[in-house]
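**Student:** Sequence:
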Amino acid sequence: PIHFLVIPKKHIATLNDLTEEDKPLAGHILFTAQRLAKELGCEDGFRVVMNCNENGGQTVYHIHMHVLGQRQMNWPPG
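In the working numbering, the protein residues as written are 39 to 116.
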């Protein structure tokens, strides 16, 4: 299984803190996740997860994206 993080250099604590100014950054991290997933052999499918605030499971207050692949994902997760 593959599990990696995409973490922007700019500090943004939570998804709720994104601004209009951050739109290009948000797009960039999605495309970075896509590119790395392909490079790591996850073309047949992968999952992208971002947690927001305590009730959403966030424990590190700097936005980051988990990318999981190379295994069957089930729903609901967890």
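Honestly, the hints are just simulated from the structure, not real lab data. The C-beta atom is built at its ideal place from N, Cα and C for all residues, glycine as well. Misleading hints may appear alongside valid ones.
[As the list claims (entries may be wrong)] No farther apart than 27 Å at their CA atoms in a straight line, the calculated lysine-lysine pairs in the BS3-like style are these:
#1 K76 x K61
#2 K47 x K61
#3 K76 x K47
#4 K48 x K76
#5 K48 x K61
[Unchecked claim] The following label-pair restraints were derived from C-beta to C-beta distances:
#6 R109 x E58: 29 to 39 Å
#7 Q110 x K48: 29 to 39 Å
#8 V87 x L63: 17 to 27 Å
#9 E92 x P115: 14 to 24 Å
#10 R85 x P46: 15 to 25 Å
#11 P46 x G95: 30 to 40 Å
**Student:** It remains to establish, for every hint, whether it holds in the given structure.
**Tutor:** Evaluation of the provided hints:
1. K76 x K61: holds, 23 Å
2. K47 x K61: holds, 15 Å
3. K76 x K47: With a Cα-Cα distance of about 22 Å, the restraint between K76 and K47 holds, given a limit of 27 Å.
4. K48 x K76: Roughly 25 Å separates the two Cα atoms, so the pair holds.
5. K48 x K61: Roughly 13 Å between the alpha carbons, so the hint for K48 and K61 holds.
6. R109 x E58: 29 to 39 Å: holds, 37 Å
7. Q110 x K48: 29 to 39 Å: With Cβ atoms ~34 Å apart, the hint holds.
8. V87 x L63: 17 to 27 Å: Between V87 and L63, where Cβ atoms are some 18 Å apart, the hint holds.
9. E92 x P115: 14 to 24 Å: About 18 Å separates the Cβ atoms of E92 and P115, which means 14 to 24 Å holds.
10. R85 x P46: 15 to 25 Å: holds, 19 Å
11. P46 x G95: 30 to 40 Å: violated, 19 Å
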